[in-house]
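Q: So the first sequence is numbered by the numbering used here: it starts at 101 and just counts up by one.
If you're looking for bench data, these hints aren't it; they were derived computationally from the structure. Idealized CB from N, CA, C, for every residue including glycine. You may find that some hints are simply not true.
[Unchecked claim] Pairs of lysine-lysine residues, derived as BS3-like cross-links and limited to a Cα-Cα distance of at most 30 Å, are as follows: (1) Lys255 to Lys307; (2) Lys107 to Lys306; (3) Lys185 to Lys255; (4) Lys303 to Lys331; (5) Lys331 to Lys294; (6) Lys254 to Lys304; (7) Lys307 to Lys291; (8) Lys240 to Lys180; (9) Lys331 to Lys173; (10) Lys185 to Lys306.
[To be verified] Simulated DEER-style distance windows between Cβ atoms: (11) Thr269 to Pro400: 30 to 36 Å; (12) Glu151 to Leu361: 21 to 27 Å; (13) Gln120 to Ser395: 39 to 45 Å; (14) Arg133 to Thr237: 55 to 61 Å; (15) Asp403 to Glu369: 21 to 27 Å; (16) Glu106 to Ser236: 15 to 21 Å; (17) Leu428 to Pro273: 33 to 39 Å; (18) Leu409 to Arg308: 30 to 36 Å; (19) Thr269 to Gly181: 18 to 24 Å; (20) Lys291 to Val124: 49 to 55 Å; (21) Gln380 to Leu409: 33 to 39 Å; (22) Gly181 to Glu249: 19 to 25 Å; (23) Lys307 to Lys255: 30 to 36 Å.
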Amino acid sequence: MPWKGEKNPYLVWLSEIILQQTRVEQGWPYFERFREKYPKVEDLADAPEDEVMKLWEGLGYYSRARNLHFTAKYIAKEFKGVFPKTYEEILSLKGVGPYTASAIASFAYGLPHAVVDGNVYRVLSRCFGIDTPIDSTKGKKEFNQLADELLNRKKPGEYNQAIIDFGATHCMPKNPMCGDCELQAICVAFKEGKQGVLPVKEKKIKKRTRYFQYLIVESPDGLLLHKRVEKDIWQNLYEFPVQETEKILETSELIEEDLFLALAPGGKELLQAVSRPFQQMLSHQKIIAVFWEISLSKTPDYDKEKYLLVERENLSKFAFPKIIDRYLQDKSLYLKMI
DNA sequence: AAGACGGGGTT
DNA sequence: AACCCAGTCTT
Numbered sequence: 101m102p103w104k105g106e107k108n109p110y111l112v113w114l115s116e117i118i119l120q121q122t123r124v125e126q127g128w129p130y131f132e133r134f135r136e137k138y139p140k141v142e143d144l145a146d147a148p149e150d151e152v153m154k155l156w157e158g159l160g161y162y163s164r165a166r167n168l169h170f171t172a173k174y175i176a177k178e179f180k181g182v183f184p185k186t187y188e189e190i191l192s193l194k195g196v197g198p199y200t201a202s203a204i205a206s207f208a209y210g211l212p213h214a215v216v217d218g219n220v221y222r223v224l225s226r227c228f229g230i231d232t233p234i235d236s237t238k239g240k241k242e243f244n245q246l247a248d249e250l251l252n253r254k255k256p257g258e259y260n261q262a263i264i265d266f267g268a269t270h271c272m273p274k275n276p277m278c279g280d281c282e283l284q285a286i287c288v289a290f291k292e293g294k295q296g297v298l299p300v301k302e303k304k305i306k307k308r309t310r311y312f313q314y315l316i317v318e319s320p321d322g323l324l325l326h327k328r329v330e331k332d333i334w335q336n337l338y339e340f341p342v343q344e345t346e347k348i349l350e351t352s353e354l355i356e357e358d359l360f361l362a363l364a365p366g367g368k369e370l371l372q373a374v375s376r377p378f379q380q381m382l383s384h385q386k387i388i389a390v391f392w393e394i395s396l397s398k399t400p401d402y403d404k405e406k407y408l409l410v411e412r413e414n415l416s417k418f419a420f421p422k423i424i425d426r427y428l429q430d431k432s433l434y435l436k437m438i
């Protein structure tokens, strides 16, 4: 990894936040861009939030970016830019949980705290043949205690790095490399052929489907955007004016919707084109979005609290959810005249 | 204790 | 389509 052996707590923190629930290959370029743009925690603290969100655009789990920015400001102000040095203080930072606190404490300061992430759960459950569900309170306790017992207290950072690397490159979820494994002789899962069932997870998530009707309201002055501030997905990202519906709509149904009535009082003749349905899977939701293009000769009377008027060439300055980014990327290919 | 929160790669 | 990823926060 590019940051292996990194001792700068700010950079360790930054990389660990980026890598939460994120593969190294996906997070790496983001880490490089953040490190380049914000070399020190004060640089991040001084940045406008929209800029941070834009840099995070496409990485997902956007609360990480909001908490990252919040914590940078907190460290800059309350700690004069000096990263806290005790496990308890690190753990108290917003966006930093047990895993990240242990990672920072051990990598940056050599403190004896064992990391327990997805890799560690996998390695330990297989090696010791533990079938306690890793997403249960009992399982978390059990694995944390075991990890703590196993930790090399002389070199906690190296130990933590090693077990994570081993899980990521050798003891993988599917088709682990058991034939070429140092732990074959002691691995319970190998002995009993349980690699495929360990680790055990008990909860499975169910997805709900949501339908978003996006209105691309364009006038000579620009087009309307909305910042998602409500407690929902994509908080603090931007989007077009949206109406959520129970299903995919026909044109005749769209023009009856409140949002359309409010922003396109001229009626359906203003409708220029409609996109194909775009689809995106989130961790708990399936999103289906349709984009309706509305062309106005004059900007409508819109709610200034809710929407902002943006010129077309400034669109790229805003951070959008992936599904909107995809629409913007190939919109010319999919728009259909009405 | 359970649910919510993104996006992408692998199988 | 299901699973998983260098997890955390809210309810």
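Q: Now tell me if each hint is right for this structure.
A: Evaluated hints:
Note on Lys255 and Lys307: the hinted pairing is violated, with a Cα-Cα distance of about 43 Å set against a maximum of 30 Å. Between the alpha carbons of Lys107 and Lys306 the distance comes to roughly 40 Å, so the proposed pair goes past 30 Å and is violated. Restraint check: the Cα-Cα separation between Lys185 and Lys255 comes to about 17 Å, which is no more than 30 Å; the hinted pair holds. Distance check on the hinted pair: Lys303 and Lys331 sit about 24 Å apart at the alpha-carbon level, within 30 Å; holds.
Proximity of Lys331 to Lys294 is assessed by CA-CA distance (about 41 Å); at most 30 Å being required, the pair is judged violated. Annotation: proposed proximity of Lys254 to Lys304 is violated, straight-line Cα distance about 39 Å (limit 30 Å). With a C-alpha separation of about 37 Å, the suggested pairing of Lys307 with Lys291 is violated against the 30 Å cut-off. Taking the CA atoms of Lys240 and Lys180, the gap is about 35 Å. The hint is violated against a cut of 30 Å.
Under the criterion of a C-alpha separation no larger than 30 Å, the hint pairing Lys331 with Lys173 is consistent with the structure, at around 22 Å. Taking the CA atoms of Lys185 and Lys306, the gap is about 40 Å. The hint is violated against a cut of 30 Å. About 56 Å separates the C-beta atoms of Thr269 and Pro400, a value inconsistent with the hinted range of 30 to 36 Å. Separation of Glu151 from Leu361 is about 35 Å and departs from the stated range, judged on CB atoms against 21 to 27 Å.
For Gln120 and Ser395, the hinted distance range of 39 to 45 Å is satisfied, since their beta carbons lie about 42 Å from each other. Arg133 and Thr237 have their C-beta atoms about 37 Å apart, which leaves the hinted 55 to 61 Å range violated. Distance hint check: the CB atoms of Asp403 and Glu369 are about 23 Å apart, consistent with the given range 21 to 27 Å. Taking the beta carbon of each, Glu106 and Ser236 are about 33 Å apart, not inside 15 to 21 Å as hinted.
Leu428 and Pro273 have their C-beta atoms about 34 Å apart, which keeps the hinted 33 to 39 Å range intact. The given range of 30 to 36 Å is respected by Leu409 and Arg308, whose C-beta atoms sit roughly 33 Å from each other. With their beta carbons about 36 Å apart, Thr269 and Gly181 fall outside the hinted range of 18 to 24 Å. At roughly 30 Å, the beta carbons of Lys291 and Val124 sit outside the given window of 49 to 55 Å.
Here the CB-CB span from Gln380 to Leu409 is close to 27 Å, at odds with the stated 33 to 39 Å. Under the hint 19 to 25 Å, the C-beta atoms of Gly181 and Glu249, about 36 Å apart, miss the expected range. For Lys307 and Lys255, the Cβ-Cβ distance of about 43 Å falls outside the hinted range of 30 to 36 Å, so the restraint is violated.
In terms of the numbered hints stated before, the structure departs from hints 1, 2, 5, 6, 7, 8, 10, 11, 12, 14, 16, 19, 20, 21, 22, 23, listed from lowest to highest.
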